[in-house]
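**Q** The lines below spell out each chain.
Protein chains: 2
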Amino acid sequence: MITVLTGGTGGAKFVDGLRQIVPQQDLTVIVNTGDDLLWWGLHVCPDLDSITYVLADKLSEERGWGVERDTFFCLQNMRQMGEPAWFQIGDRDLALHVFRSKLLNEGKTLSEATAEITARLGIASRILPMSDSRVETRVLTPNGEMGFEEYFVRRQYKDPVTSVRFAGALNAAPASGVVDAIASSELVLLAPSNPVTSIGPILAVPGIRDVLRGSEATIAAISPIVGGAAVSGPAGTLLAAQGFEVSIAGVADYYKEFLDLLVVDLRDAHASDELREKQKTRGRGSRKVAPNIHCTPTIMRKKEDRTALARSVMEACRQCSETQNAAEGA
Amino acid sequence: MITVLTGGTGGAKFVDGLRQIVPQQDLTVIVNTGDDLLWWGLHVCPDLDSITYVLADKLSEERGWGVERDTFFCLQNMRQMGEPAWFQIGDRDLALHVFRSKLLNEGKTLSEATAEITARLGIASRILPMSDSRVETRVLTPNGEMGFEEYFVRRQYKDPVTSVRFAGALNAAPASGVVDAIASSELVLLAPSNPVTSIGPILAVPGIRDVLRGSEATIAAISPIVGGAAVSGPAGTLLAAQGFEVSIAGVADYYKEFLDLLVVDLRDAHASDELREKQKTRGRGSRKVAPNIHCTPTIMRKKEDRTALARSVMEACRQCSETQNAAEGA
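Respectively, the protein sequence lines represent chains A and B.
Residue numbering for the first sequence follows my numbering, beginning at -1 and increasing consecutively.
Residue numbering for the second sequence follows my numbering, beginning at -1 and increasing consecutively.
What the hints contain is simulated information worked out from the structure, not anything from laboratory work.
Don't take every hint at face value.
Since the list gives no way to pick one copy over another, a pair counts as held whenever it fits inside one copy or between any two copies.
Calculated cross-link-like contacts (lysine to any residue; reagent style SDA-like; alpha-carbon spacing at most 20 Å) [said to hold, decoys possible]:
| no. | residue 1 | residue 2 |
| --- | --- | --- |
| 1 | K254 | T139 |
| 2 | K254 | E184 |
| 3 | K100 | G80 |
| 4 | K276 | G39 |
| 5 | K301 | A238 |
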């Protein structure tokens, strides 16, 4: 069993690679719901949607979100009626939001609704929202506090970020199946998603960080930071705002409590040598002395890049696990 | 001020004619909501929608319902997810249902939501749902009782009809503005809609029949029955099921409590002579001895037919009103 923690478009691409080389039924995907929003009165879960579309083979390659070959006629009419139109929902995409909203309004939990949707779409992997409670990623900027999609999509992440908080996290619980999935997996992968606003909200749900710390699984993260900057999106700005270095060292630091393996891009070969040196000489308060580092191409431009990255990560995890077992055996 | 009572596609065509010859702001349209349904969890009001699209100049001429040049991609995906797809909602059309559902879920009444929608679409006429309470047209057939759209669209009105009832009507009240609109109009027109399931539900809302009976307006109906059969749809079957003749006499009888003028098709010239004779010799319990009858082409195939019918009806009403005034003056 493999469990992936993910959110955002980088994560969706990685899961797309993974599903090509791993049997779908062996895969559990735990998804950030901190970006969820009530849009036109409908329950929209951007990260759950992307993962759902990837696993249903419907994700738009071109856009990286939404449904392939979608149209936007409903959106046009919404705009004509004076409703906000900055968050783009396609006509085919709408079906998912309308159906999810119906299930939630009938009293189903988000994980029940998600299970119903994946079953209807014939997805064999399990998709789990991180929590059935509302946990909302709130971004504080000099222009006010706002939800993540407003910061990210509407304002094109141009605002400087003062801080990020996960409203509701303290009272949230992991959705049914989340803790078990992590605890029973041999491999837990943190997708190359924004650590602060894609993986961060998942880790903020009480109980999830604990099960990761206590897990015997090999826990690997793919760095979304390459050459000292985010591959895409505001991960750099947000890491810095949270007091982390915008580098693979910052990513390692963010996940230090439980990370066994950090997968970094070839361009960070030198940085990874430095990181190894620094880790040797620095005492660390984490369960594991320091993560192994694996260098491989991580930029996923083409479809083949995704599979190649997934393969490379799986192989590195296997080696990492063997080394750990040997060390424990010794 | 002119008030039209309407429902269904015949009514929408007639209102389309009327809006070409009457200033939009002089027009109030009171619309049947007995066909409303919760579809995919959204509040869909088929008759309100048709009138809204007609007055916004968006109604599909081709289909007679929905938005012109619409696509059905959301519907396709709903079908793929195993949701019912027999009631066809287009992508452009969806905007209206999503927006209305949002307003209703926020606590607005149906008439408030309708006013908001018409304002957003720049419609100068007033569109009023017959009631803000749920009144549901239920059709009893040997195959069970069902909502009107299920009988009409899903089962293509093939079931024999035992009876029709308006669930919730006894506890319903006219929506705000309905009684005033009728009371203050010089002219009340009953569109060539199904008397039983389009106009019938409006008349079943307590208070509406009374204000019609007490009204000093000229009240005219355009017969949807031509040559002893419905122009389209199940009006014939339903009139018969309710114990009315499927003829212009049946229509006159259905509206006998308040009708001043019945507009019938040229093909019913002979039947209208018969009806006049019968009315002369038969005592009637209604406020008005018998309606005047006006013969004119009523079938609206082309756009021009609609305007021509509206013009003819307006002229007949003017004459009828003059005759009444003369009679009262005498």
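**Q** Work down the list of hints and note, for each, if the structure agrees.
**A** Hints, verified against the model:
no., hint, result
1, K254 with T139, "neither (27 Å within a copy, 68 Å between copies)"
2, K254 with E184, "within (19 Å within a copy, 80 Å between copies)"
3, K100 with G80, "between (24 Å within a copy, 14 Å between copies)"
4, K276 with G39, "neither (50 Å within a copy, 57 Å between copies)"
5, K301 with A238, "neither (31 Å within a copy, 64 Å between copies)"
Taken one by one, the earlier hints fail for this structure at numbers 1, 4 and 5, listed in ascending order.
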